[in-house]
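Enquirer: For reference, the chains in residue letters:
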Amino acid sequence: MSVDGKFGDYGGQYVPEALMPAIEELEDAYERYVLNNEDGFMDEFRARLRDFGGRPTPLQRADRLSERYDREVYLKREDLVHGGAHKLNNALGQVLLAKYMGKDRIIAETGAGQHGTATAMACAHLDMPCEVYMGERDINRQRPNVFRMKLNGSEVNPVTVGRGTLKEAISETMRDWATNVEDTHYVIGSVVGPHPFPSMVRDFQSVISEEARTQAREKMGRLPDAVLACAGGGSNTMGAFAEFVEDDETELYAVEAGGSTLDVDEGAGVAPNSASLTTGSEGVLHGARTRLLQDHDGQIMESHSISSGLDYAGVGPELAHLVDTGRVTAVNVDDDDALTAFHRLSQLEGIIPALESAHAFGYLEEHSEELGEFVVVNLSGRGDKDLESAIEETYERDIDIAPNMDEFTGGL
Amino acid sequence: MSLADAFADGPAFVPYLVAGDPDYESSLEYVEALERGGADVIELGLPFSEPIAEGPTIQNAIVRALEGGMTPERYFEFVEDLDVSIPVVCMTYYNLIYRYGDAEGPRPFVQKAAEVGIEGFVVPDLPAEEADPLREACDEFGLDLVFIVAPTTRGDRLDRIMQQVSGYVYVQARLGTTGAKSNVSDQTGSSLDRLSDYDVPKAVGFGISSGEHAERIVRGGADGIIVGSALVDIVAQGYEDGDSAKTTAERLETLARELKSGAVDGVSQRPPHSERT
Chain B
1 MSVDGKFGDY
11 GGQYVPEALM
21 PAIEELEDAY
31 ERYVLNNEDG
41 FMDEFRARLR
51 DFGGRPTPLQ
61 RADRLSERYD
71 REVYLKREDL
81 VHGGAHKLNN
91 ALGQVLLAKY
101 MGKDRIIAET
111 GAGQHGTATA
121 MACAHLDMPC
131 EVYMGERDIN
141 RQRPNVFRMK
151 LNGSEVNPVT
161 VGRGTLKEAI
171 SETMRDWATN
181 VEDTHYVIGS
191 VVGPHPFPSM
201 VRDFQSVISE
211 EARTQAREKM
221 GRLPDAVLAC
231 AGGGSNTMGA
241 FAEFVEDDET
251 ELYAVEAGGS
261 TLDVDEGAGV
271 APNSASLTTG
281 SEGVLHGART
291 RLLQDHDGQI
301 MESHSISSGL
311 DYAGVGPELA
321 HLVDTGRVTA
331 VNVDDDDALT
341 AFHRLSQLEG
351 IIPALESAHA
361 FGYLEEHSEE
371 LGEFVVVNLS
381 GRGDKDLESA
391 IEETYERDID
401 IAPNMDEFTG
411 GL
Chain H
1 MSLADAFADG
11 PAFVPYLVAG
21 DPDYESSLEY
31 VEALERGGAD
41 VIELGLPFSE
51 PIAEGPTIQN
61 AIVRALEGGM
71 TPERYFEFVE
81 DLDVSIPVVC
91 MTYYNLIYRY
101 GDAEGPRPFV
111 QKAAEVGIEG
121 FVVPDLPAEE
131 ADPLREACDE
141 FGLDLVFIVA
151 PTTRGDRLDR
161 IMQQVSGYVY
171 VQARLGTTGA
181 KSNVSDQTGS
191 SLDRLSDYDV
201 PKAVGFGISS
211 GEHAERIVRG
221 GADGIIVGSA
231 LVDIVAQGYE
241 DGDSAKTTAE
251 RLETLARELK
261 SGAVDGVSQR
271 PPHSERT
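Residue numbers (full-length UniProt numbering), protein chains in the order written: chain B, 1 to 412; chain H, 1 to 277.
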């Protein structure tokens, strides 16, 4: 664990000078309230996670997957957290922290809208005004999530510069923060950004592995042989891994979005995947040194994934470090296999997973024999949000286990 | 000419443009027009795809320059092709400096910058805490490293920055991102007061768009003014209206003259007790 914000060579605080005092203030608050439970902060956080968030979430035996793969497969059901994904764990923690710090305004970025909706819920719950920055293209693709945020009383600010996706939204939120730094807290949505965000977001999300570790012992009398989690920025990944890092008997697999291909088109500045751990290189983006999808010159590339929650050109610095040291194995699953896994889990277990989480199940399908007798998959979110894109994407492909798509695609 | 020399004779006018905005050839003319208009130093932006410290005006300029094919390699050619005698300061984001060349770290970029005659750097996403490798490379090749001091910078942080800074210190006139404003912030005066004990030229930027602003900032004790967005606006307007590069260059030169003479007037209006030597 890091106290200075460095994970090997990764991490750090690469931000404009105007933000540094706020970063230092946040470091201080993180140490006092989160690490030392000053004023009972962590007690209140845990109580609210329980009553408002619905924790603890079950560690459920997946009977039909266990039969299919001839081993014990358990699901950590983060899809059952209020809002339908693990994102609330972090959003609730940071909005509560902002209140303890005396801030009176919350800003956040969002890509597909998962972090934005979680932040909007937490802000309504804790009575904090909230503005969410979202790329214009994403706003058009994710109208239900925009409506959810507005239902909870948040403002949604469109970001029109660049290509209007997550990385532009993060940059724009940093600009707002640099302007309003004295009264505003920036609730970053993943284990990315300048220290202390990667450590703090990990700590808020580590409730996932803390529960899973205890539940594994209760149900199986031992720790799992493998834990699988999808990885974009890496917040559910670090949450699912954090408490297992010291357990040498448990292998940790970060499943990235392989997109359509791992090949990169440098000329167009496009990486048709989001596999920064697998194919990225070291660089500095959004406040931290980490692994990035970038061209030869260091310009950041547009990433791609069928799941917008994984669609980001960077990754958390601690996760990058754990991959470099060999503690975490980085693997990837492409769009086709993730979508097939989405259908499979829906049919076999009665759970429609988020397309993000489906990547982890795609890996399980192909590599179950390498994963030991007892496997835990972090089911980071539910797939209701993805139904529109699942219809479109399934229609374009030949997936034999999918329903007959003709009756759903009249409008395509 | 060194940066120190550029600040030696009265208030320095430090304009900023993005290299290659909107194209290579026009951009060369624009920088040269600024020198004719009285520029003492040019802050020349090397465009990065994620410019988190810039407001909309410069973000759009960066998009135009990147679409026009500007790269670090082309940027160094651009500096060599520039026909100016004033010092050039490279303003860019750390990832481009860090990634350049085959070796790890900032040294190859700094070495190349020194070869083409660049005098210093401003790196808005590199606070003093992370700056040691770049500072060392700058020392090795004799380049200056300019740091930004924000209205929120005080106490130990200010000391730490002022120990690392060389050339001049970039005094950020208000919180937020770059961009021209119709009024200039009152935060400038207190920032300059906090810096008065440090023996480095203080150049104020963020929001200056007219000769009257320049005059007021210099009257308040600044050793120089940095103007970006108001000039980039002229480039953007010319681009959108389809004006010739010559016409846009003339407009830039005119605003440059206004800004420079505003700065010079500001010195003569300083109250006697704040007269600087």
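In case anyone wonders, no lab produced these hints; they're calculated from the structure.
Here a beta-carbon is modelled for each residue, glycine too, at the ideal position from N, C-alpha and C.
Any given hint could be a false lead.
To be verified - Simulated restraints on C-beta separations:
id	chain 1	residue 1	chain 2	residue 2	range
1	H	D243	B	E365	36 to 44 Å
2	H	Q237	B	S281	32 to 40 Å
3	H	R36	B	H296	57 to 65 Å
Stated by the list, open to error - Partial pick of chain H residues on the chain B-facing surface, computed with a CB cut under 8 Å:
id	residue
4	P72
5	P124
6	L175
Enquirer: Next step is simple, just say for each hint if it's right about the structure.
Expert: Quick rundown of the hints versus the structure:
| no. | hint | in the structure |
| --- | --- | --- |
| 1 | H:D243 / B:E365: 36 to 44 Å | 60 Å, violated |
| 2 | H:Q237 / B:S281: 32 to 40 Å | 39 Å, holds |
| 3 | H:R36 / B:H296: 57 to 65 Å | 36 Å, violated |
| 4 | P72 | 5 Å, holds |
| 5 | P124 | 5 Å, holds |
| 6 | L175 | 5 Å, holds |
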